[in-house]
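As given, the protein sequences belong to chains A, B and C, one line each in that order. At position 99 of the first sequence the residue is numbered 99 (our numbering), and the sequence of numbers has no breaks. At position 238 of the second sequence the residue is numbered 238 (our numbering), and the sequence of numbers has no breaks. At position 328 of the third sequence the residue is numbered 328 (our numbering), and the sequence of numbers has no breaks.
Careful, some of the hints might be misleading.
Claimed, not checked - Straight-line C-alpha distance at most 25 Å; calculated BS3-like pairs for lysine-lysine:
no., chain 1, residue 1, chain 2, residue 2
1, A, 304, A, 273
2, A, 24, A, 204
3, A, 304, A, 380
4, B, 140, C, 245
5, A, 273, C, 317
6, A, 377, A, 21
7, A, 312, A, 273
8, A, 273, C, 245
9, A, 21, A, 204
10, A, 312, C, 47
11, A, 204, A, 304
12, C, 254, B, 173
13, B, 302, B, 271
14, B, 173, B, 140
15, C, 47, A, 147
16, B, 302, B, 292
17, B, 41, B, 292
18, A, 337, C, 254
19, A, 337, A, 312
20, A, 160, A, 304
21, A, 160, C, 47
22, A, 337, C, 47
23, B, 140, B, 114
24, A, 21, A, 312
25, A, 147, A, 160
26, A, 304, A, 147
Unchecked claim - Residues from chain C that keep clear of chain B, each with C-beta distances beyond 10 Å, as calculated:
no., residue
27, 25
28, 51
29, 61
30, 109
31, 166
32, 185
33, 188
34, 220
35, 299
If you're looking for bench data, these hints aren't it; they were derived computationally from the structure. Glycine residues also receive a C-beta, built at the ideal position from the N, C-alpha and C atoms.
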Amino acid sequence: MAIEVIMPQLGESVVEGTVTKWLKRLHERIQEFEPLVEINTDKVDTEVPSPATGTVLQLLVAEGETVRAGTVLALIGEPSENVPEVQPSGRTDGEFAASKPPVAASAPMRQAEPASPVAAVDRQAEVGFISPVVARIAAERGVDLSKVTGSGQGGRITKKDVLNYLEVKKPAPPWEEPASGELFRPTEEVLGEFKPAVTAPSMKVQPLDPVRARIAEHMVRSRHTSPHVTTVMEADLGRVLAHRAANRPAFERDGVNLTLSPYFVAATVEALKQVPIVNSSWSDQGIVLHPQVNVGVAVSLGDKGLIVPVVKNADQLSLLALARSVNDLSERARSRKLDPDEVQGGTFTITNHGVSGSLLAMPIINQPQCAILGIGKLQKRVIVIESQGPGGEPGDSLAVRPMAYLTLTFDHRIIDGAIADHFLSVVVQRLQAWA
Amino acid sequence: MELTETLHFELNRENLLEMYWLMLLSRRLDERAWVLHRQGKIAFHISAIGHEAAQVGAVFAIRRGQDWLLPYYRDLTMVLAMGLTPREFMLGLMGRQGEPSSGARQMPSHWSLKRAKVVSHSSPVATQTPHASGIGFAIKLRGDDAVVLTTIGEGSTSQGEWYEAVNWAAIHKLPVIFMIENNVYAISVRQDRQMAVPRAADKALGLGLPGVTVDGLDAIAVHRVVSEAVARARDGDGPTIVEATVHRMTPHSSDDDDRTYRPRAEMEALKAQDPVDQFRSRLMGEGILSEKAEAEINERAKAEVEEAVAFATQAPYPDVSEATYPVFSGDRRHG
Amino acid sequence: MAEITLIEGLRQAMDEELARDERVFILGEDVGPRGGVFRATQGLYEKYGPERIVDSPLAELSIVGIGIGAALYGMHPICEIQFADFIHPAFNQIVSEAARLCYRSGGEWTVPMVIRAPYGGGIGGGLYHSQSVEAFYAHVPGLKVVIPSNPYDAKGLLKSAVRDPDPVMFFEPKKGYRLIRGEVPEGEEILVPIGPARVSRPGTDLSVFAYGMMHQYCWEAAERVAQEGIEAEVVDLRTLKPVDKQAVLSSVAKTGKALIVYEDNLTGGYGAEIAAILAEEAFTQLDAPVRRLAGPDIPAVPYSHPLQDWFMPNPDKIAAAIRDLAAY
């Protein structure tokens, strides 16, 4: 009986995935656990390992196609088997498909029922007691629990067992621990047309890796979607630096390295609470005001691109909790160990271009958010402090202060300059008055 | 007592008229509250009828708004003297938004007016007396010259809370006046079942401070006694227990039926000693209050009651969200 | 840096706050020349005088009631109850009054006071010098409940409690008063915020939640089982109300297993609330049932030492519970 390879469902709000590259061709042999196909989302490669040893009998989704979770991608079995007559959705020989509408029409679909929980239920008696966390991991990562060895009491499958199983299954970057990004894009995000590059003999063309392509697509789309306007203010970070110096040891005692990031997040949260219209998304029915305050903090992955893990419910976190959260997310971002949920659901984004030396930059809005805050380089500058002399006469003086430019790029459909400036000035004032 | 003697403790004509006004206003508001309750328009009322003279006499002996007052639930007249308005009282009775004592979080007549240094109190009796001593302790620590007046019924002097509060005040000679409005009945329990001494003020002997008993139906007498206690306190000579004997001319509260324990004849007899009638007669007899003025005051009181009832009846209830705060001081919302 | 005992941390905290803010004063039985029966206020009477270190009559209710009055006037009293076992007469003042004044007055009256008391058993105190009372007060809206486990937190949390604008119940593990020593920097302001928990020992196999003396025992037990290859994460809750839910949930998200240790009677003890939170909010993270290790449901704590030892959790019992849970 041929075994189906299913587009897995990862993360709570998962909908679809794109087949980037078939790693095996029709009629090739494949071992169980061997990577069969590369799936792509916004920014990451993940792989689907083969569920069985056998021959690739059918490839049902073309490279470049986006299909819903649960869709049958391929069939593995023995060459002698009868396979159901299905219409392939596109070419399978590695060529890019011409622009195709995603989803329903093209791919033969199974309704998106997650396969693994069903499998778990069917095999309940065999696998023994399944704890809540094991059930969840199995459902999320598409694990057939009957294949997992249990080391817990009475031979039950523990969390460690199922995680070890997933660890072992993948030879290459693990796909059940995607490095970042919304694994599957919403329906309305259509893949752009790919055209073969036009080249002259002496030109060098660097092929687009999927991450690059995704970033490019997102940036273009963002620019086309929102009218981008940027406003600039500067902030005196003296009090923040003093607070940080005073509190670093206490935070370290709690195992947390106190950087400047949590201060920016906290000041942003304050502004989002005072100016809630910024915590929103545009829709044709109206401006969607988000009940949660989820702040994304952009993390650079060097030449691998950019990723934005999200601090959920940032308005409920103390400075210590924010510091802990930001550090943890950044570290796991860099080591590609984020969960899909951790890069979804952001309502606002902060990007710190100052760390790489930029004084001032105008970031692009992270759709579908309303605005993005850019933090410039912290630099000691001479500023003028206005004051009055003893007789009321003006007596300005110079001071050297640690300053940074803050830029807010906002979607002018949702808010106007006055509100954006008010928002940014709340951020500035919060930072400048830190105590 | 002659007029000259009543003026000895600085009660001038204006003071006396103001005292009468407050007693009458309190009475009229109180009577209306009973009516509202029996009409089913309010859920609870606890009355000051019979206590008016003692309360007004005492509160005129302190510097209202500068000294501290920790009353109990029966002190309507006192609290009106401290600036509570008829409207505010009615808001409290009807549990409406903006009721100043508690935002309608508490039952009616659980007073609090920070603007007049009237401290919030609860339902368990006598709990405010240690607070009174604590405030007195802090006043002494800071070297301020305020005094503290706290009131309770005679039944509440059985509470350990009260003994401990008086004990502290006596040990440290704190500027606190512990006033007892003795109306003989703690709900249905008479004084002889409440204590072994003939007068509540006698308990002072065991605690080491002076105790004085005064006729609580005579506002001027109460004023004199409390003034003396205030003077002692301000001079650093410590606390005093002042027991004012009064009549409770109504049941304990709107939830009480006193027919089971109080003979009707007794209730009828009390009317002949109504302190508001007595004060009116006295002022008229001494030429301070004319018939015409009395009629005007009466009309004014009725009008204010009507206006307050109308106002509160139309006032909104608190929003449900107001139930959730302020549990901690940081939850407070302004404006 | 100096190594000091837990009680010395408390004493330093009070000394510093008395010096810093003239509204602060201490009242309680024997706090004056005697310096407190445990010597928590030793030397303070000589330094600050009888007006600020006030010996109170033997009447716990009034220690709290007077403190409330003073706080209403604007002072910042520290009320010492000699043993938590004796706090019950003050329950009315704490629960009906201190906890409710802010709410019932719409925020007009607030009570910035600390009520501190030594609690807990294991010191041969019998039934009336060994009780844990934190569960009664953690239950009440309007109170904060704090329990330090080491000298640094004892000092930093007590200072924070004194500065807090609301009533703080501050319970001190008396067994650890002199038994628990730790490094506390000198010459700098030590302030530990009320609220955040502390992961005192990171781990991966299970989470152990504790406070007070039990935290010390849990840490010792964790060190012991580490040599057997079990890596227990130990979390010192420090503030019971408001509890650091984020720390609790994120620890269990990591380890999948929770053991809650408290010396109070098991049923309705504070740890039951942590267990309820985990059951409700960490369900899909759990790889094992949430377990509690606590005192048995008999009056705490009988006197004769075999009875006392049977009652009290200790590192051996905790280590056994850890091993059991790790193997699940």
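### Message
The output says residue 166 of chain C does not contact chain B. Does that hold with a beta carbon cutoff of 10 Å?
### Response
violated, 5 Å
### Query
Does residue 47 of chain C lie within 25 Å of residue 337 of chain A when you go C-alpha to C-alpha?
Distance ~57 Å between residue 337 of chain A and residue 47 of chain C Cα, so the pair is violated.
### Query
When you look at the beta carbon of residue 109 of chain C, is every beta carbon of chain B farther off than 10 Å?
violated, 5 Å
### Query
Has the given pair, residue 24 of chain A with residue 204 of chain A, been kept, meaning a C-alpha gap of at most 25 Å?
Distance of about 28 Å is beyond 25 Å: violated.
### Task
Would you check the hint for residue 304 of chain A and residue 380 of chain A, treating anything up to 25 Å between C-alpha atoms as holding?
Roughly 32 Å separates the two Cα atoms, so the pair is violated.
### Query
Is the Cα-Cα distance between residue 377 of chain A and residue 21 of chain A 25 Å or less?
violated, 40 Å
### Query
Holds or violated: residue 312 of chain A with residue 47 of chain C, Cα cutoff 25 Å?
Judged against 25 Å, a Cα distance of about 50 Å means the pair is violated.
### Non-interface claim for residue 61 of chain C versus chain B (Cβ beyond 10 Å)
Non-interface label on residue 61 of chain C violated, nearest chain B Cβ at 6 Å vs cutoff 10 Å.
### Task
Take the C-alpha atoms of residue 273 of chain A and residue 317 of chain C, compute the straight-line distance between them, and say whether it is at most 25 Å.
violated, 48 Å
### Query
Are the Cα positions of residue 337 of chain A and residue 254 of chain C separated by 25 Å at most?
holds, 13 Å
### Message
So if I understand the rule, the pair passes when the alpha-carbon distance is 25 Å or less; does residue 304 of chain A with residue 147 of chain A pass?
### Response
Cα-Cα ~34 Å, so violated.
### Task
Could you grab the alpha-carbon distance between residue 204 of chain A and residue 304 of chain A and see if it respects the 25 Å cut-off?
Cα-Cα ~20 Å, so holds.
In the structure shown, a violation is registered for the earlier hints numbered 1, 2, 3, 4, 5, 6, 10, 12, 15, 17, 20, 21, 22, 24, 26, 27, 28, 29, 30, 31, in ascending order.
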